[in-house]
Amino acid sequence: MSRQKLIEMTRSLIAHGEADTMELADEVVSVPASAYTDAALFEDEKNKIFKRLPLMVAPSCELPNPGDFKAMDICGVPVFLSRQKTGEVIAFLNMCSHRGNPIVSGTGNAARFTCGYHGWTFKQDGDLIGVSSPQDFGSIDKSQHCLTRFPVYESAGLIWATLDPNSKLSIPDYLCNYDALLDAFGLKDWTLFAQRTLAGPNWKTAYDGYLDFYHLPVLHKDTFGADFFNRANYFAWGPHQRLSAPSKFAQKTGSDEMLDLSKMSDDDLPDDSLTQGVWTIFPHISIASFYGGGQRGALISQLFPGANVGESFTTQFYVMENQPETEADVKSAHEQFDFLEIVVRDEDYATGKRQHEALQSGMMKEVLFGRNEGGGQVFHGWVDKLINASDADLVDMFAPSQAEAAE
Numbered sequence: 063m064s065r066q067k068l069i070e071m072t073r074s075l076i077a078h079g080e081a082d083t084m085e086l087a088d089e090v091v092s093v094p095a096s097a098y099t100d101a102a103l104f105e106d107e108k109n110k111i112f113k114r115l116p117l118m119v120a121p122s123c124e125l126p127n128p129g130d131f132k133a134m135d136i137c138g139v140p141v142f143l144s145r146q147k148t149g150e151v152i153a154f155l156n157m158c159s160h161r162g163n164p165i166v167s168g169t170g171n172a173a174r175f176t177c178g179y180h181g182w183t184f185k186q187d188g189d190l191i192g193v194s195s196p197q198d199f200g201s202i203d204k205s206q207h208c209l210t211r212f213p214v215y216e217s218a219g220l221i222w223a224t225l226d227p228n229s230k231l232s233i234p235d236y237l238c239n240y241d242a243l244l245d246a247f248g249l250k251d252w253t254l255f256a257q258r259t260l261a262g263p264n265w266k267t268a269y270d271g272y273l274d275f276y277h278l279p280v281l282h283k284d285t286f287g288a289d290f291f292n293r294a295n296y297f298a299w300g301p302h303q304r305l306s307a308p309s310k311f312a313q314k315t316g317s318d319e320m321l322d323l324s325k326m327s328d329d330d331l332p333d334d335s336l337t338q339g340v341w342t343i344f345p346h347i348s349i350a351s352f353y354g355g356g357q358r359g360a361l362i363s364q365l366f367p368g369a370n371v372g373e374s375f376t377t378q379f380y381v382m383e384n385q386p387e388t389e390a391d392v393k394s395a396h397e398q399f400d401f402l403e404i405v406v407r408d409e410d411y412a413t414g415k416r417q418h419e420a421l422q423s424g425m426m427k428e429v430l431f432g433r434n435e436g437g438g439q440v441f442h443g444w445v446d447k448l449i450n451a452s453d454a455d456l457v458d459m460f461a462p463s464q465a466e467a468a469e
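For the sequence shown, my numbering begins at 63 and goes up steadily by one.
Think of the hints as simulated: they come from the structure by calculation, not from any bench.
Treat the hints with caution; some may be incorrect.
Unchecked claim - What follows is a list of derived Cβ distance ranges for each label pair:
(1) 204 x 384: 38 to 48 Å
(2) 422 x 81: 37 to 47 Å
(3) 433 x 150: 43 to 53 Å
Note that CB positions come from ideal geometry on N, CA and C, so glycine has one too.
Work out the full structure, taking the sequences as your base and the hints as a guide.
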């Protein structure tokens, strides 16, 4: 069923490519410039979006082995992930139940966790098993002082968590079956080659760029080239979107050869041609395929708001089908990853920072999203909708019946 859906999208892209057309939004839409600069709104976005909705916290290949853990801070919430002996991933509040000291930092592998402040010890699953000097501390029920767990879900080689331990919103429901399509990448069997974190502008300014091919031949003329495509058709599953250029051609993986997809039967369409383009997961993920190191790879960009309205940070994960083995392939993979850093850091984010500084002048009241920028229109619409939704509204909004209607 997922492959059939991918084929339907590909045939639509081929038809538009042959007709030299693209799907256009109904009208040009304006967004208040203050949406990017208002500090109070920014705090609302952190609290009502990032602390309430499922977030993609790690690719599965970042925690490949039982005992692997990773600590991270998301909008001021200390979180850590731990892969269990069973293979399940658990997401915890990274605070000792004694005094709130963070339990772990960075990444590593551990069968149990011991707080570095007073030595309280927790099992891999978060159960409290040791209180230092219990005869002096006093009697407590250890079962009532385990680490706090967050809802977590792993699918398609990605791990989601919701930073509300009492959330009633089902993560699969929230994904609107989008993860079934993401599974076509095959990420659950891939490996993490490298990662890094880049500083960026306001999170929405940064995210706008992931939903926009319009800027590619202009902003990236010296990297991708001035003749690069600037059109995109958008496909949506709730707030999650795929954008892909309307064309009948796809580059053959590992080659300069261009394949004419219009001449291929459905069964002969290469799997990687079915996933071309950029896949975004609301509110902060972008996935795009690349080739380097002698094999397929993908750049997973994980975007979070920073401490202030004009700041964000993005962790870039470069994942590959297999770890490159030869010196030449390792060098090639690094060159591909380094190229993508230049594109994002020196072009996209440098431009976004200048844009944000200009908007902070207050001299411009609104920004525009054209009919060819439907992805940005949908994104900002969902931001507004979700900020104004109650917790109960969220559950209703992403109920399976609604998700099916959104497709």
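Right, here's what the structure says about each hint:
1. For the pair residue 204 and residue 384, the supplied restraint of 38 to 48 Å holds, since their beta-carbon distance comes to about 44 Å.
2. Here the CB-CB span from residue 422 to residue 81 is close to 42 Å, well matched to the stated 37 to 47 Å.
3. Taking 43 to 53 Å as the suggested C-beta distance range, the pair residue 433 and residue 150 conforms, at roughly 45 Å.
Hint compliance for this structure: every hint is met.
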